[in-house]
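Put chain P with the ligands on the given structure of chain G with help from the hints.
Residues per chain, in single letters:
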Amino acid sequence: MRLELKEITKRFPGVLANDRISISVDRGEVLGLLGENGAGKTTLMNILSGIYRPDAGEILIGGTVRNFHDPHQAIDAGIGMVHQHFQLVPVFDVVESVALGAETVTGWLGTFGRAAARRRVVELSEQHGLDVDPDAKIEDLPVGVRQRVEILKALYRKSDILVLDEPSAVLTPAETHDLFKIIRGLTAGGTSVIFITHKLGEVLEVADRITVLRRGAVAGTVKPADTSREELANLMVGRDVDLLVSKGPAKPAGVVLSVKDVQVMNDRLQMAVKGVSLEVRAGEIVAVAGVHGNGQTELVEAIVGLRTIDSGEIVIGGENVVHASPRRVADLGVAHIPEDRMRDGLIAGMTVEENYILDSYHRAPYSSRGWLHAQEVAAAAAQGVRDYHIQTPSIDTIASSLSGGNQQKVVVAREFSRRVKLVVAAQPTRGLDVGSIEYIHTRLVEQRDAGAAILIVSTELDEVLAVADRIAVMFDGRIAGILEGASATREAVGILMGGGE
Amino acid sequence: MTVWRRTILPALMPVLAVFTAFVVGSVFLFLTDIENLKHFPGDPVGTILAGLVNIGKAYSALVLGAFGVPAKLAAAMGSSDPKVIAGAIRPITETLVASSPLIFTGLAVAISFRTGVFNIGVEGQFIMGALGATVAVLALPDLPKPLLLILAVVIGTLSGALWGFIPGFLKARTGAHEVITTIMLNYVAAQVVLFGLRSDFLKPAGSSTPISKVLSTIVRVPLIFQLPAIRLHYGIVVALIMAVLVSWFMFKTTKGFELRAAGFSLMAARYAGMSAGGSIMLAMALSGGLAGLGGTLEVLGTVGQMSNDLSSGFGFNAIALALLAGNRPGGVVAAALLFGALRTGGGLMQVKTGIPLDLLFFVQALVIMFVAAPALIRSIYRIKVYSADGVTPQ
Ligand SMILES: Nc1ncnc2c1ncn2[C@@H]1O[C@H](COP(=O)(O)OP(=O)(O)OP(=O)(O)O)[C@@H](O)[C@H]1O
Ligand SMILES: [Mg+2]
Numbered sequence: 001m002r003l004e005l006k007e008i009t010k011r012f013p014g015v016l017a018n019d020r021i022s023i024s025v026d027r028g029e030v031l032g033l034l035g036e037n038g039a040g041k042t043t044l045m046n047i048l049s050g051i052y053r054p055d056a057g058e059i060l061i062g063g064t065v066r067n068f069h070d071p072h073q074a075i076d077a078g079i080g081m082v083h084q085h086f087q088l089v090p091v092f093d094v095v096e097s098v099a100l101g102a103e104t105v106t107g108w109l110g111t112f113g114r115a116a117a118r119r120r121v122v123e124l125s126e127q128h129g130l131d132v133d134p135d136a137k138i139e140d141l142p143v144g145v146r147q148r149v150e151i152l153k154a155l156y157r158k159s160d161i162l163v164l165d166e167p168s169a170v171l172t173p174a175e176t177h178d179l180f181k182i183i184r185g186l187t188a189g190g191t192s193v194i195f196i197t198h199k200l201g202e203v204l205e206v207a208d209r210i211t212v213l214r215r216g217a218v219a220g221t222v223k224p225a226d227t228s229r230e231e232l233a234n235l236m237v238g239r240d241v242d243l244l245v246s247k248g249p250a251k252p253a254g255v256v257l258s259v260k261d262v263q264v265m266n267d268r269l270q271m272a273v274k275g276v277s278l279e280v281r282a283g284e285i286v287a288v289a290g291v292h293g294n295g296q297t298e299l300v301e302a303i304v305g306l307r308t309i310d311s312g313e314i315v316i317g318g319e320n321v322v323h324a325s326p327r328r329v330a331d332l333g334v335a336h337i338p339e340d341r342m343r344d345g346l347i348a349g350m351t352v353e354e355n356y357i358l359d360s361y362h363r364a365p366y367s368s369r370g371w372l373h374a375q376e377v378a379a380a381a382a383q384g385v386r387d388y389h390i391q392t393p394s395i396d397t398i399a400s401s402l403s404g405g406n407q408q409k410v411v412v413a414r415e416f417s418r419r420v421k422l423v424v425a426a427q428p429t430r431g432l433d434v435g436s437i438e439y440i441h442t443r444l445v446e447q448r449d450a451g452a453a454i455l456i457v458s459t460e461l462d463e464v465l466a467v468a469d470r471i472a473v474m475f476d477g478r479i480a481g482i483l484e485g486a487s488a489t490r491e492a493v494g495i496l497m498g499g500g501e
Numbered sequence: 001m002t003v004w005r006r007t008i009l010p011a012l013m014p015v016l017a018v019f020t021a022f023v024v025g026s027v028f029l030f031l032t033d034i035e036n037l038k039h040f041p042g043d044p045v046g047t048i049l050a051g052l053v054n055i056g057k058a059y060s061a062l063v064l065g066a067f068g069v070p071a072k073l074a075a076a077m078g079s080s081d082p083k084v085i086a087g088a089i090r091p092i093t094e095t096l097v098a099s100s101p102l103i104f105t106g107l108a109v110a111i112s113f114r115t116g117v118f119n120i121g122v123e124g125q126f127i128m129g130a131l132g133a134t135v136a137v138l139a140l141p142d143l144p145k146p147l148l149l150i151l152a153v154v155i156g157t158l159s160g161a162l163w164g165f166i167p168g169f170l171k172a173r174t175g176a177h178e179v180i181t182t183i184m185l186n187y188v189a190a191q192v193v194l195f196g197l198r199s200d201f202l203k204p205a206g207s208s209t210p211i212s213k214v215l216s217t218i219v220r221v222p223l224i225f226q227l228p229a230i231r232l233h234y235g236i237v238v239a240l241i242m243a244v245l246v247s248w249f250m251f252k253t254t255k256g257f258e259l260r261a262a263g264f265s266l267m268a269a270r271y272a273g274m275s276a277g278g279s280i281m282l283a284m285a286l287s288g289g290l291a292g293l294g295g296t297l298e299v300l301g302t303v304g305q306m307s308n309d310l311s312s313g314f315g316f317n318a319i320a321l322a323l324l325a326g327n328r329p330g331g332v333v334a335a336a337l338l339f340g341a342l343r344t345g346g347g348l349m350q351v352k353t354g355i356p357l358d359l360l361f362f363v364q365a366l367v368i369m370f371v372a373a374p375a376l377i378r379s380i381y382r383i384k385v386y387s388a389d390g391v392t393p394q
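Chains as they are written, first to last, in this note's numbering: chain G, 1 to 501; chain P, 1 to 394.
Please keep in mind that the hints were generated in silico from the structure rather than gathered at the bench.
It is possible that some hints are incorrect.
[Unchecked claim] Which residues of chain G face chain P? A partial, calculated answer using Cβ under 8 Å:
1) 180
2) 322
3) 326
4) 330
5) 332
6) 343
7) 344
8) 345
9) 347
10) 350
11) 358
12) 367
13) 371
14) 375
15) 376
[Stated by the list, open to error] Here are a few chain G residues that sit away from chain P, every Cβ distance over 12 Å (derived from the structure):
16) 7
17) 75
18) 76
19) 91
20) 127
21) 173
22) 328
23) 342
24) 348
25) 354
26) 370
27) 377
28) 414
29) 476
30) 483
C-beta: ideal position from N, C-alpha, C; glycine also.
Bound-form chain G, shown alone (with noise of 0.2 Å):
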């Protein structure tokens, strides 16, 4: 069917969020939505689902004008959304998740039905090519499948519009290979898709046409075909954009930090990381590598000190670390950008300025003798939304009404802003635009250049490439291979990742 929106405006305080946006989808269409973190996207499919009520503009849907009040209505209309943060419940399994609050499926005396709704999971998924398996439980599930279930969600629901708020955020290469697969696959049936993302390749890849937004306006319109993601990101961010990091050759120094033989266990209790060694000096880059899952996670909270270890020995700056409580290691001169930063980076009912000195407003300038000292915090916290370009009304506006790029800006904001030996960075650039990106890739740049040993866990192969000194690539609990970042190839990379040779 046929979706126009129509000079939609929305306010929120002390934000135009959108200003007279229009767009639309046709039948069988996939359209690209991009702009930088802030612009607006999620506010706009927020709109269109119902979530919120514009100030002015209406919603049009095969021709009639459809104004939704709640959720509801928007989904009876045929709205399926997928949220930038996904809203399952981690003890349900998939049937339940798909099937919860949809009514159509109820048994006797109104009970869940769940073999009729378990049948329908069934013949959705293998008509759709949706891979999972209906009885799993949602918390055992990685995050690319767990996708799928908010896809089925909305097909379950018979949606025929489908909104992807930056699905691919969180997937690996392969995952969105699939996902691209379903897309094609339901607008051929002839769902409409509009698709969030920032990543421009991605983009180019999947849509029928992109429409830019900037600052909540529309600035653009065009086909994949007329475009390149040098005009894109020219579109979004109003400026040209450097899509590759500029730096020197690495000085490597002495050894920052070094991890021997570690074995960690995750919280199921089977062995995560299986026997570990990797170094990172001072002055050098080190990615690691590797599709989500394999120990990188649990490695990075050992190194942290949120884990203990099960065997060997980690070294930060000549200390055993083994036994450090997250504090101490923080006090050694160590950033940590946890992977995911909704949960642990940020705290979503504070405010920007506090959680700009979440991890160190106990030091020197922001307190002192126990007492917090509220203008040198406002400074920084000043300084940190300037530098970072964070989209926010003030440093006082609580962070969960940012937008979610502007969230990790703060995070990463925060743990650059101190001079520190080591960064330990997970996914240090997920969920940002180009133009934050390029920007948090030269910091990195600077940092090293300034003498910091930097580790970063990446899936993003562009990211590792584009900033790496050295590659570890990692694979079910072990390094698979370690390589130079200069001469590493995408295909070198990639078959490590796969469990190659």
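Same frame as chain G, now just chain P with the ligands:
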């Protein structure tokens, strides 16, 4: 915009909740006034008018009972007769006397809730504090008075703090859920108090009721006014100072920052290098300490004698109160004054109009209900709010 979001909006909801509760309370008053309703079939308009008059009478008696009669207050201004002055200000001082323990217990609950710990044991901590102070006074009656008072206050506060620390420690070390342990410790505290009050050390010779020897002849918290039958003592001043201190602590110190962070997300607090267990124990000890101090000032200031019914549910009312106050110290003071006023004014209302005090408990319960269901109030008054989870309630 900022002023609206930061101060007006948080205060608006509770104020509207209180207002709505009184409106519903009036409807209830009208419907239960059987005498008046009898006339309804014959004279509906007259009945409604009479009903309104009755409601007006009841609520004005409530206000006068809680804050004093303007004419009397005016007369007292020009008078030098202590009896006239006392008579005029007694309602308001009694309101303050009733509010003061609620400020302590309300702050105690608010600190724990802000840290994400549900201290349901404020009642127990309150009476343990009072018991500790009582024991201190009776053990060392011959100390110089000011010293004894200070010592008793310190011991009372520490007794409450210890009673709060125990469940905090259990939670931090063993994961025992604080709701269960604090409820249980309330029972234990009640029994400990009863046991203490049966001992010869605390009870007057020959007595069999669970009431201690009179403490006020040994030491008492100084009164603010030296007027006949005015009980208001400096406890209320301490309460207000504590509200300011708690606010400073929570928002201006690093420890307060840790507590609030833990209250929002234990996981993120841990990642930030904070000790979650430490925050829990500290919050519980502070919470218990505040409650204990409240109990101490109640027994050494207002009552002057320890008994097993020293607290008329101050600890339990505090949970509702902190909810109404949004866990803000300033809100706690305001809510405690409201609850105190209802308690004091209710007396006069009952005497003057024969409406039982229970109506006020009903109104109080409605207030809590409306506060607990903000969506209800928002939809009644069509307030637009951007909630923290980013979803706009329509
Ligand atoms: N619930 C809210 N309350 C207040 N402001 C909000 C709220 N939701 C979004 N905003 C503001 O609206 C603007 C647009 O946010 P939105 O989430 O739509 O951006 P986005 O394009 O999805 O960005 P990202 O790529 O970072 O996800 C931002 O400046 C954000 O701070
Ligand atoms: Mg977004």
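Hints versus structure:
| no. | hint | in the structure |
| --- | --- | --- |
| 1 | 180 | 29 Å, violated |
| 2 | 322 | 17 Å, violated |
| 3 | 326 | 4 Å, holds |
| 4 | 330 | 5 Å, holds |
| 5 | 332 | 11 Å, violated |
| 6 | 343 | 6 Å, holds |
| 7 | 344 | 4 Å, holds |
| 8 | 345 | 6 Å, holds |
| 9 | 347 | 5 Å, holds |
| 10 | 350 | 6 Å, holds |
| 11 | 358 | 5 Å, holds |
| 12 | 367 | 5 Å, holds |
| 13 | 371 | 6 Å, holds |
| 14 | 375 | 12 Å, violated |
| 15 | 376 | 13 Å, violated |
| 16 | 7 | 20 Å, holds |
| 17 | 75 | 15 Å, holds |
| 18 | 76 | 17 Å, holds |
| 19 | 91 | 17 Å, holds |
| 20 | 127 | 32 Å, holds |
| 21 | 173 | 28 Å, holds |
| 22 | 328 | 8 Å, violated |
| 23 | 342 | 9 Å, violated |
| 24 | 348 | 7 Å, violated |
| 25 | 354 | 7 Å, violated |
| 26 | 370 | 5 Å, violated |
| 27 | 377 | 10 Å, violated |
| 28 | 414 | 10 Å, violated |
| 29 | 476 | 26 Å, holds |
| 30 | 483 | 31 Å, holds |
The structure fails hints 1, 2, 5, 14, 15, 22, 23, 24, 25, 26, 27 and 28 (numbered hints given earlier, in ascending order).
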